[in-house]
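S.K.: Add chain B to chain A, keeping to what the hints say.
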Amino acid sequence: MDFINGESLLALCAGENMTISQAMLHREMTLGETTREAVYEKLARSIQIMKDSTHDPIENPVPSMGGLLGGESKAVWQSAFGAKSAQPALCGTTLSKAIAYAMAVLEVNASMGLIVAAPTAGSSGVIPGTILSICEDYGLGEDAIYEGILNASAVGYIIMRNASVSGAEAGCQAEVGAASAMAASAAAQLLGGSPQVCLQAASLALSNLLGLVCDPIAGLVESPCQSRNAIGVSNAFTSAQLALAGVKHPIPFDEMVDAMYKVGLSLPFELRETALGGCAGTPTGCQLCSSCMK
Amino acid sequence: MNYTSIFDVIGPNMIGPSSSHTAGAVSIALMARKLFQEEIVKVEFTLYGSFAKTYRGHGTDRALLGGILGFAPDDVRIRDAFSIAEQQGLEFSFTEDHTTSGLHPNTADIVMHNGKGRTQFVRGVSVGGGRMKIVKINSIDVDFTGEYSTLIVKQSDKPGVVAHIASCLAERQVNIAFMRLYREARGETAYTIIESDHYIPPEIIDSINSHEHIHKTLVIQV
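Protein chains in written order, with the numbering used here: chain A, 1 to 294; chain B, 1 to 222.
These aren't lab readings, by the way, just hints derived from the structure by calculation. Fair warning: there could be bad hints in the mix.
Unchecked claim - In the SDA-like style, the derived pairs of lysine to any residue whose C-alpha atoms are separated by at most 25 angstroms in a straight line are:
1. B/K53 <-> A/Q287
2. A/K262 <-> B/G128
3. A/K51 <-> B/V76
4. A/K51 <-> A/E37
5. A/K51 <-> B/D74
6. B/K133 <-> A/G32
7. A/K42 <-> B/D197
8. B/K53 <-> A/A168
9. A/K42 <-> B/N2
10. B/K133 <-> A/R161
11. A/K74 <-> B/V76
12. B/K133 <-> A/N162
13. B/K133 <-> A/M160
14. A/K51 <-> B/G129
15. B/K53 <-> A/G67
16. B/K53 <-> A/S291
17. A/K42 <-> B/S5
18. B/K53 <-> A/P268
19. B/K53 <-> A/C279
20. A/K42 <-> B/S149
21. A/K51 <-> B/R77
22. B/K53 <-> A/S290
23. B/K53 <-> A/T282
For reference, chain A alone in the conformation it holds in the complex (with noise of 0.2 angstroms):
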């Protein structure tokens, strides 16, 4: 009951009627020797961070250590929610909400609260995001947020196993670009799509995110992170719209991971998180480095 790449993982669905997220759950009961309850028990503490995280800076904001965050997702709710806004919620309500929770987690990071890497710190704020907006705009009930982190989590394996989800090494495209790719494919389960249909989210949304650069201001987890996770997220909602309509991306989903990897490991040091290119590397992201050391 493994798999190693995608192909394996439909294989795996196809042979076994089985949902991705099902794939991924019999997978861990295996290679852990553990029990779907001490998985679910497990994944309950995860939800319930999410949960804290995608809310509490919308309704407390709270300034970063850097100094370079705080109050945007409670900004974007009430532009998007308020009573009183002016401006309509231009994405739509669903996808306010996930852009709006996206941010708040990378408010919680930056400010030392608690969050979930998903799959890293500094795309935090995609899943749950994604997720949580979807299963509460959709009706879809607490079982529905563990199918879809269960399905998140296997093509996070697939892309940690065969390209990395690390910065350092490849790029934004690599953390927020996974991050995406994840939720595309949690968001077309739960909206029905098959496992096909998920993986074509996936390829799709790391496709439209390759070659993204990591290049943090100052080397903090905190801008340009919060407003790609926002982008993150946007992604993951129009990839897995494509997919469930049945666009199909030519290039097949493991295809795409090594495509991924091999751009990260030729995107040049200064855009691989040492903060030295990118937003980092402009006149104003130099001042803001010295500044936010003091």
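M.R.: Relative to chain A, chain B alone:
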């Protein structure tokens, strides 16, 4: 632990902002505390490389201190580690080392004092994703992660010591995943570090310690 679990992907649950600069730092210090096994009244940290450069914005200092206070990487008290340490009368200091070269970029040295003359040096490296390894204890180079149940034996570098340790483990049916031996110099202090996939019964400590050339045995469970 030899497969990528759901919780390696969706996890760790951690205090932000960085798995390498915050969560990994907590784990290094928490392991140092376990290795010291005594009340710590004073602790000195030296930070190298990226740790030295970005520790304030990443809260690496609070994370290290939190680990010394016994907090796990997901403990919300880490943010308040400075004030908690002050309340407990734990003295602490941080030194930035920007000149030493050849170390992993995320390296921290920790010197712990019990206030009665005993001190211990531990060097840890945060290797990414919240994972760490301990690379030095006092003057001896070592290499272990704390991801397995770990048996650490401090001994004299004499014949028969390792055979004795192995037989104690065999008697209790403990399977060895990894085993390494490190020494200061021939005949001097040495460490045997054994990692196992399974629980190591703590009673094993007494039987290992019964050997004349063994100074101290420590078990750290996962």
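S.K.: Now look at each hint and say whether the structure bears it out.
M.R.: Hint-by-hint comparison with the structure:
1. B/K53 <-> A/Q287: holds, 15 angstroms
2. A/K262 <-> B/G128: Status holds; Cα separation ~20 angstroms.
3. A/K51 <-> B/V76: holds, 16 angstroms
4. A/K51 <-> A/E37: holds, 21 angstroms
5. A/K51 <-> B/D74: holds, 15 angstroms
6. B/K133 <-> A/G32: holds, 23 angstroms
7. A/K42 <-> B/D197: holds, 20 angstroms
8. B/K53 <-> A/A168: holds, 16 angstroms
9. A/K42 <-> B/N2: Satisfied, since the Cα-Cα distance of roughly 19 angstroms is no more than 25 angstroms.
10. B/K133 <-> A/R161: holds, 21 angstroms
11. A/K74 <-> B/V76: Satisfied, since the Cα-Cα distance of roughly 22 angstroms is no more than 25 angstroms.
12. B/K133 <-> A/N162: OK: B/K133 and A/N162 at ~23 angstroms, within 25 angstroms.
13. B/K133 <-> A/M160: holds, 20 angstroms
14. A/K51 <-> B/G129: It holds: about 22 angstroms lies between the C-alpha atoms, which stays within 25 angstroms.
15. B/K53 <-> A/G67: Measuring from Cα to Cα gives roughly 17 angstroms; hence the hint holds.
16. B/K53 <-> A/S291: Holds, at roughly 13 angstroms.
17. A/K42 <-> B/S5: holds, 12 angstroms
18. B/K53 <-> A/P268: Holds, at roughly 21 angstroms.
19. B/K53 <-> A/C279: Holds, at roughly 19 angstroms.
20. A/K42 <-> B/S149: holds, 20 angstroms
21. A/K51 <-> B/R77: holds, 20 angstroms
22. B/K53 <-> A/S290: It holds: about 11 angstroms lies between the C-alpha atoms, which stays within 25 angstroms.
23. B/K53 <-> A/T282: Status holds; Cα separation ~19 angstroms.
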